[in-house]
Amino acid sequence: MSETFQLAPLEIEEYSLNNGLRVILNRDEAVPVVAVAVYYNVGSRNEREGRTGFAHLFEHMMFQGSENVKKAEHFQFIMKAGGTMNGTTSSERTNYFETLPASQLPLALWLESDRMRSLAVTQENLDNQREAVKEEKRLRYDNQPYGQIFDLINEMIFRNFANSHSTIGSMEHLDDATVEDVQEFFRIYYAPNNAVLAISGSFDPATAKQLVETYFGDIPSQPAPAELDVSEPIEVAQTYREWEDKLAPFPAFLIGWKIPKRRSPEFNALYLAGKLLYDGESSRLYQKLVKGDESVIQLFGFTDERRGPSSIFVGAIPKPDKDLSRIRDIIMTEIGHVATDGPTADEMQKLHNQLINDAVRMRQSSMTRAQQIAEFALYDGDPKLINNDLDELLAVTPEQIRSVVQKFLNTENRALLDVVPAAKNSHADATGETTAH
Amino acid sequence: MPAPLEPAPFNVPQPYLTTLENGLKVVILSDGRLPLVSYRLAFLAGDAADPAEQIGLTSAMASMLTEGTAKYSSRELAEKIERLGASLSANASEDFLVIAGSSLSIYGSDVLQLIAEITFRATFPESELDLYKRNTIENLKFQRSQPSFLSNEQVARILYGEHPYSHISPTADDIERLSRETLTDFYSSRLLPNNAIFIAVGDIDKDELLAEINEQFGSWQSGDVATNPVATPPTRDERSLTIVDRPGSAQSNIVLANLAFERNSPDYFAAIVMNQILGAGASSRVFMNLREEKGYTYGAYTRLDAKRLAGDFEATAEVRTAVTGDSLREFFYELERIRTDLVSDEELADAKNFLTGVFPIRAETQEGLTNLIVNQQLYELADDYLQTYRDNIEAVTREDVQTVANKYIHPDRFAIVVVGDAQDVLAQAREFANRIDIFDTEGRKMDIGTFEEDPNSEVAVVNGTWKLALDFQGQRVPVTLTLDQKDEKISGKIETVLGGGEIQDGSVKGKKISATAITEIQGQSVDFVITGVVDGDSMSGTLSTAIIPESLSFEGKRVD
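Chains as they are written, first to last, in this note's numbering: chain Y, 1017 to 1453; chain S, 8 to 567.
It should be emphasised that the hints constitute simulated quantities derived from the structure, not laboratory data.
Check the hints yourself; a few may be wrong.
Said to hold, decoys possible - Beyond 10 angstroms from chain Y on every Cβ pair, some chain S residues (computed): (1) Ala15; (2) Ser70; (3) Ser116; (4) Arg346; (5) Asn382; (6) Ala389; (7) Glu406; (8) Phe458; (9) Lys500; (10) Thr503.
To be verified - Simulated crosslink set (DSS-like; lysine-lysine; CA at most 27 angstroms straight-line): (11) S/Lys140 with Y/Lys1335; (12) S/Lys493 with Y/Lys1307; (13) S/Lys148 with Y/Lys1304; (14) S/Lys148 with Y/Lys1335; (15) S/Lys301 with Y/Lys1087; (16) S/Lys452 with Y/Lys1304; (17) Y/Lys1304 with S/Lys78; (18) Y/Lys1338 with S/Lys519; (19) S/Lys493 with S/Lys414; (20) S/Lys493 with S/Lys519; (21) Y/Lys1262 with S/Lys148; (22) Y/Lys1338 with S/Lys140; (23) S/Lys140 with Y/Lys1307; (24) Y/Lys1307 with S/Lys78; (25) S/Lys518 with Y/Lys1096; (26) Y/Lys1335 with Y/Lys1304; (27) Y/Lys1304 with S/Lys140; (28) Y/Lys1086 with S/Lys301; (29) S/Lys519 with S/Lys452; (30) S/Lys87 with Y/Lys1307.
Said to hold, decoys possible - Computed, partial: chain S to chain Y, Cβ under 8 angstroms: (31) Pro9; (32) Glu13; (33) Ile62; (34) Ala85.
Given the structure is predicted, the values throughout are model-derived calculations rather than measurements.
Built from N, CA and C at the ideal position, the CB exists for glycine as well.
Same shape as in the complex, but just chain Y (with noise of 0.2 angstroms):
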């Protein structure tokens, strides 16, 4: 059946303000509720060296006041208004969104278009949010069991400084950020032409267009950002690393490969091949380590999708005293199995329904619609892909699953970390690390 279904095109008009601001409206009546997104071109890929970290540290300051937005009013107004808010930064940009009732959309634009327009920058505000990021980074990372496992091998895969290093970035570059730093961040990156304006939701698209040119419209633009080069070598040199983790209450590892970027052919096979490998409880590596073999407390996989270079993991917990590389062993006969035989006639309708289901719950939240729109707009330059995105993801071979496999999975050219609970290694060098192989 799922060669033949068909998801109705999601309603999508796009336009660009003289500004440059592009905006998308995507209208859906369903229920009285409207999403704002608001995605700006620039995550900590575009940091320089010296200042990792900032990117994030950038996004904690757009709630801190603004022309006609005095500190942490911008969450308030929010609040006050029935509304839910957030901001996130990723390597590959920032992003800013607020789900309101649908009367409240000039509030949302409002909002959106003083920051943008008119970010407060004051050393207080900056020596504030710093300590609030470092909090933050002792919370999420250095004081989480395993919260600094993904970091690590990101350095293990990538060569590329824009590629390998963390969002979070080092407390002492979090230090080392000025004012300035911060003015001259909002003016090449926070312009409308690097920004792309997404609406989904309840509204009257000539309504939210006045809206969006009254608030939007005599931001001024700023030359474009210098290009950044993300590519990297093909292959990742084999690496091995033992972190010690004072948190961690057993051991565990996690593997990482560099892969072709996102959307790509050799992707999206790969994206489907990491789901049948780890995804779901009839999974094969599920079945086969925390079933079959119950070697394995928790297992995990997931591909981490970039514009350029990109990269997919598989790790574990295993059971106490379990034989680790037994268990990778198992891991990466199975990868084998993938690269000779493929998927079966099972797995692939099981990948096809679970990607139509995917496909449409996406669509249920004017959220969810709001920030995939954007996020196509400002990777692809094409908002409507997000009515292409099941069909192609549909029409990728058992053959290119297997081939992807074998190209980029069944081979040497990994890396591995092994976790070490810090009470149970007593050989560990001063520095808390050790570099073998």
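With chain Y's structure known, arrange chain S on it following the hints.
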């Protein structure tokens, strides 16, 4: 700030209701926006209905429902479900056991059949039960390392006494005791149609679905619903302080709690408006006070946990150990103030706007809408509960808020629970309660005397030069302290390999020494916070600094 547009109405449609002859209640809401369906088969018996001698039985049964049936092994079941791109799970909460299935609407019948399969023909295979036991026991070990688990465990024990809500989790012994026989007996006697509700939301033809429900569930035999006697929670007449000693904690997890009301209380709406103003979110009073003004914590909140048989009110925060007492003081200030003074018109309006505004956002997805209907049904709320929810919020007055604050917040009878370093917590928090108990992280009661600072003990003499070794990631880093003591005050210097500085704020109490040194390291000013215990010419303790995420332990000797 711009004016809003014309508000748009939002109406939750009324579902269709019927009851099968065997007593199974059926609730159907057609929602054709997208080709999806969500099904729930919910039983009005959760963990609270566990037999007293077998805590954890309902949760174990729920988890095991999808681990093998007469027709399918655990693996075949997982494959069958995932091949449809669907999901199927069973989970128990305190009050309910819910089997949930969702899928594309074209696979709705397959999912319905699988729900029936696990409801009637689960086999609880020994090998799967064994795997469940071992994984659950590993997980319990992990939970005991989490301070929030430890505080919740104490709060439930203190507030609920012999009431079934007093257990938040089975013990490892409870899990070991589970047997296939107990599970099978419980399964066949507890899953009864006359104690269940079937709820369907989505792209559904009502009559077709009703026919399918009748086919799958119509011949299900009703039975006697077992009801365990439920003990009344203890009456509290004084405040208590319970400390869970978690040595080395950088933070204190604070909970202040008392019993409140059950979920279908008529005070519910006034109480959630009150809670919104007091502590439900980041613009509420306790958050603004403890975080934004005082900077004691990353977040401070209050919450109302209203369950089927009873409920409680809790105020919570994770604070730096040094401000444990100050944080309690600010909590008491806010919790008294909401009782004594009327809230402002603006606070009332803001809270109502938030609660009514997010309501349609919650109903936007099918899962969200289904959850609203499930709660309305399971807690036996009014038939028009979802339709009148926002009107009921709007009707709350400032006086109502004050009334429920007085009715459900009792600072003079709070159970105060703090997870942290017991000695530091005791010194700061003992003034808040007459009755004080201390437990270790395994739940064993400890002797409070171990943690007392004896006010008559002599102040240790700490003058001199101390050579200490700091444990930095396995390496021993030398530190020199030169101390100059005047009664309980100390001044002096600290020297490290990275740089040194002056002690600004040092004191000795009994054998305990604490000091802050401001040092210059690579051109930057860095604070070191030192706490230690002196025993003759030996000293041990910890040093913490903002540039290193965790506190470092040290030990050493006086050299002159």
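Status of each hint after checking the structure:
1. Ala15: 4 angstroms, violated
2. Ser70: Its Cβ never comes within 10 angstroms of chain Y, the nearest being 12 angstroms, so this holds.
3. Ser116: Correct as stated: the minimum Cβ-Cβ distance to chain Y is 13 angstroms, above 10 angstroms.
4. Arg346: Holds, since 24 angstroms exceeds 10 angstroms.
5. Asn382: Holds, because the least Cβ-Cβ distance between S/Asn382 and chain Y comes to about 18 angstroms, which exceeds 10 angstroms.
6. Ala389: Per Cβ check, S/Ala389 is outside 10 angstroms of chain Y; nearest 22 angstroms; holds.
7. Glu406: Per Cβ check, S/Glu406 is outside 10 angstroms of chain Y; nearest 22 angstroms; holds.
8. Phe458: 25 angstroms, holds
9. Lys500: 25 angstroms, holds
10. Thr503: 15 angstroms, holds
11. S/Lys140 with Y/Lys1335: Cα-Cα ~13 angstroms, so holds.
12. S/Lys493 with Y/Lys1307: 66 angstroms, violated
13. S/Lys148 with Y/Lys1304: Distance ~24 angstroms between S/Lys148 and Y/Lys1304 Cα, so the pair holds.
14. S/Lys148 with Y/Lys1335: 12 angstroms, holds
15. S/Lys301 with Y/Lys1087: 16 angstroms, holds
16. S/Lys452 with Y/Lys1304: Distance of about 43 angstroms is beyond 27 angstroms: violated.
17. Y/Lys1304 with S/Lys78: 22 angstroms, holds
18. Y/Lys1338 with S/Lys519: At roughly 44 angstroms apart (the allowed maximum being 27 angstroms), S/Lys519 and Y/Lys1338 break the hint.
19. S/Lys493 with S/Lys414: Measuring from Cα to Cα gives roughly 52 angstroms; hence the hint is violated.
20. S/Lys493 with S/Lys519: 15 angstroms, holds
21. Y/Lys1262 with S/Lys148: Distance of about 17 angstroms is within 27 angstroms: holds.
22. Y/Lys1338 with S/Lys140: 18 angstroms, holds
23. S/Lys140 with Y/Lys1307: Within the cut-off at roughly 13 angstroms; holds.
24. Y/Lys1307 with S/Lys78: Holds, at roughly 19 angstroms.
25. S/Lys518 with Y/Lys1096: Roughly 52 angstroms separates the two Cα atoms, so the pair is violated.
26. Y/Lys1335 with Y/Lys1304: Distance ~14 angstroms between Y/Lys1335 and Y/Lys1304 Cα, so the pair holds.
27. Y/Lys1304 with S/Lys140: Distance ~19 angstroms between Y/Lys1304 and S/Lys140 Cα, so the pair holds.
28. Y/Lys1086 with S/Lys301: 19 angstroms, holds
29. S/Lys519 with S/Lys452: Roughly 24 angstroms between the alpha carbons, so the hint for S/Lys519 and S/Lys452 holds.
30. S/Lys87 with Y/Lys1307: 16 angstroms, holds
31. Pro9: Holds - the Cβ of S/Pro9 comes within 8 angstroms of chain Y, reaching about 4 angstroms at its closest.
32. Glu13: 6 angstroms, holds
33. Ile62: Violated, about 23 angstroms.
34. Ala85: Result: holds, 4 angstroms to nearest chain Y Cβ.
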